[in-house]
Amino acid sequence: MSVARGRVRPNRRTRRSRADNPMRGIVTGRADRITIYALLIVLAVLFAFPLYSAIVKSLEVNGIQNYISLFTDPVGDIPIWQTYLNSLAVGVVHATVVLTVSVTAGYAFSKLHFRGRELGFSAVLLFLAVPGIAILVPVYRITQELGLFNSYVGVGLPEAAITIPFGVLLMRNYGRNISDSLIEAANLDGAGHFRIFWNIFVPLSRPAIVNLTVLCFIWSLQDFLWPSFLFTNPSLTTAAQAVSTFSNALGRGAGDLARFNASLVVLAVPAVLFVVFGLRFIVNGLTTGSTKD
Amino acid sequence: MKFSKTTAVVAAAVVVASLTLAGCSAGSTSTGSHIAADAKQTINVWGWAGAPGKDVMAGVISGFEKANPSITVKFTEIASLDYKNKATLALSSKDSIDVVGVSPSAWAADNASYLLPVSKWPNGAALVSKYQPQTIDQMKKLFPDDEIRAVPFGSSGSVVGFYNADLLKKAGLSAPPKTWADFTKLADSLKGTGIVPAVMPSDSWFQDEFLTTLVGQTDPSFWNNIRYNNGSFDTKSYIDALAKYKSLYDTGLFDKSTLDLAYSDAMALFDQGKAAVVFNGSWEAGRLLASYRAANKVQPSDVGAMGVPADSADQVSARSFLDVTYAIPVASTHQAAAEKFIEYTTAGAGVDAWASSLGFIPAEKNWKLPSGLLTTDVETSGYATLQTLIGAPSSDRNNLSNLSAQIGTYILQVVNGTMTPEAAAKQAEADHKSGKYN
Amino acid sequence: MTIREQPRQVLKRRASKRSDWKVALVFLLPLLVMYAIYYLYSIGFLASTSTTKVSVTFFNSIDVGWRNYAQLLTDPVFIRSMVNNILFACISIVAALTVAFFIATALATGVRAKRFFYLIFLLPALMPLSLVATIFGSMLTERTGILNQTLRAIGLGALAQPWLTQPGLAFAVVAVIFCYLIGLPIMYYTADLSALPTESLEAALLDGAGTFRIMRSIIYPMMRGTHITIILSLLLGSFRSLEVVLFSTRGGPGQSTEIVGSYIYGFATSGGPTIGFVSAVSIIVLVIALVLSIAQMVVTRPRKDMR
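If you read the sequences in order, they're chains A, B and C.
Here the working numbering is used: the first residue of the first sequence is 1, the next is one more, and so on.
Here the working numbering is used: the first residue of the second sequence is 294, the next is one more, and so on.
Here the working numbering is used: the first residue of the third sequence is 732, the next is one more, and so on.
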């Protein structure tokens, strides 16, 4: 894999030449270039306005002190960094379960031959559109039966249940792009299915696996539904949930409102980190996986 | 052979994965139970924000822990809008809760089976005699079989108004407006200043509170009739109140542009001096205290309390009821310690610690506000007004919360002119009878 | 021994090629467990509670037969929330197929400050929806919202509106939030643009076609697969975006902006005996979700033949 990455780098450096990236060539005239910049800037201003508004509000009454106090005097006794850690912990469970299920099932649906494979795959995809809210009641019951209230596992599992159809689709589509000859060769060498899975399928699917992992963490960070139903212990509050927790805890006047907006700005930080550091992995995985087929 | 090896490795992978998962569940609650009475024990207390709230409870708890060194209290505060759902979930999942705040509404009956009847509390019978009898009567209305499963903490009333005394003085009013005619004077004096005469939370549950208060002015039996006699929303008095409420906006006494203000926005506007009156429940009465105003940067130098104005001054009234009550879950493993805490907080030395913040009027017999808390005339007369309104309510504020939230959306539509008062009353009654919300 | 062993090995290999069902079962085991618990059991459980009146404690359940379904299907708010759901999805699809496509293509042509633009456009989609919607909600309040304040400050006070309390405007607000979240489509387009076959582009360049014509007439049709992926993912996503409504308009004014998710959420969080009703709504939503999934399969299938 490191070899492959080594190959990617020089490519990125030479991308600036028109030959390597024909997209650069489609802007033919000066007027077109100016129009594109103008449109992009207008859109960027519109997109940035809500963030600007949150920042303005967050500096009212007590100025920068609103931010400092978020860390010195936690809102509702939940340190704001703790909410990130909670989202992260849920994300670990979410990603672990989704990967375990999706990679194995992806292998079965793309590389194994058995009767009813396509039918089974279609059955899996049937649940692609199920929104979490529709299985809220039974999930509540399941969590109760398994004694998983107030645990990261309790929230990670239903999140995974919702992500799995997509995960299986991604891994199966990716798996179909892996040449069967490699598998057959290994099979002839007497390698068992597990060795093929572990030594060939998993390493070759790495871009899709990385993509799925990053998406799992993003979705855990965004998930509001499950934590709000399955966590009753305030110290487990996740980042998405913190928005409502903080809004309730800071509902008592002007200074509170400014602090609340400061907390919103701080809660947006992980998303910035995702764009800055994770974007490449998501886009790579999308290129090679989900959009094909 | 090959097959079984594969199986083994996959199984191992699954085991490893599940162990990883188990490791992640570090956050799950595990509270060891210490049954022995004299041993150190920790009790978990649950309440919602503002009932009376974490800051206030901290004082009560430290006093209790000093008096009972063997008991440690862990207080969990849940946002008030989340409370009913979260507390239900916690009770049904047998979370270790030893004292649970019970909302005196339909919720109490819905969750009665999780709560230990007070008659079975170690010292229950003696405790009950420490409260004002009418609070115990109200308590009985909350539970299906007259068997009370919680004891009263304090009462509140709604809707009441808090006014900015500075602005009233400027408007030339010597007393808070009791009639809409007086209120018009206030509104007129504020024209062109950018200050709105009145704000209130636009949350749908609060819209319902306001409307029920308006109905109570002319038809005091309206709410009790619905709550206890399965009465109807589709009455003339209700339709009139809806029309009256709409007319308040149409004539400019209230401002439609405040109808998107959430609870905190409405309070913030008042605290910043941009609204002369804020309508809310008596649980916001902390603003009468100079110390509260200083700590929370409340702009008005003096704040008083009033009822919702009516067509004639003698109609001014509010609904009141118990606001907070305390219960011990059946599943609690520290029932004796829990009862000690409840007694200390609701009928013992702990009462002054929270009652001094004015959020609620204690249910304890013979309680009096410690002197020296209220300094100005506006503050003292405001507090007296609140006591009068709560003491002689138009009806019980024993809510059907889900239904209220639904009906509130119709009330907002009436104000916006997208629904007639008649249609809103019909729809409210249809929802009431459908059983979907209660 | 060797003579007897050989045919068996060959047989085995052939068999493993034809049918690996035992191995497949092992590999599918985690999936089967998750599906059995979270989908099969769930549907059964929902079906049984959907004919009762019960709270989330599941105590004292009262059998009410088909009443929940009857109430649901005659509830204008439910119908409206379904319609809104579809409308919001359609609006966001239009935005994705135009604005997101433009942004992705424009950024792929090597503009300056590309990372900055990506940050601005993708950030909303990666933030918790609750956060985005809350920011919109507070930005748009009539008296104190920054939008109206800004409009007044730059002399456009006439444009200041009661964004959240007038039904038409509130609807537009929710639609705008849905459009604000087009980060994922931008990512899809970006991903596929980098894998675009170059020949036709070069041919167009030789023809001397203008930038926007190339975008519209050459690149756009080549992205057909991506368009379909985006349409479906936004349609599915709209059923999962309850926070968008919950944290901005709270479904108001007068429940005019309610979507299915927020409708269910309201009943599910009431703490009262509404769980039977919620189950009935869930069943209906599940049926719709399954129909959507089947539609997805039917729509995406022909593409395989075209390749």
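Since the hints were made in silico from the structure, they are not lab data.
Positions of the beta carbon are idealized from the N, C-alpha and C atoms, including for glycine.
Heads up, a few of these hints could be off.
To be verified - Calculated cross-link-like contacts (lysine to aspartate or glutamate; reagent style EDC-like; alpha-carbon spacing at most 20 Å):
#	chain 1	residue 1	chain 2	residue 2
1	B	K387	A	E145
2	C	K845	A	D73
3	B	K719	C	D806
4	B	K423	B	D439
5	B	K347	A	E145
6	C	K784	B	D645
7	B	K539	B	D604
8	B	K347	A	D77
9	B	K423	B	D645
As the list claims (entries may be wrong) - Now the in silico label distances, taken between C-beta atoms and shown as ranges:
#	chain 1	residue 1	chain 2	residue 2	range
10	C	I1025	B	A723	30 to 38 Å
11	A	G147	B	K661	44 to 52 Å
12	B	T335	C	A926	54 to 62 Å
13	A	D77	C	L882	19 to 27 Å
14	C	R843	B	K484	21 to 29 Å
15	A	A123	C	V842	29 to 37 Å
16	C	V814	B	S540	28 to 36 Å
Hints not upheld, ascending by number: Hints 2, 5, 6, 13, 14, 15 contradicted; others consistent.
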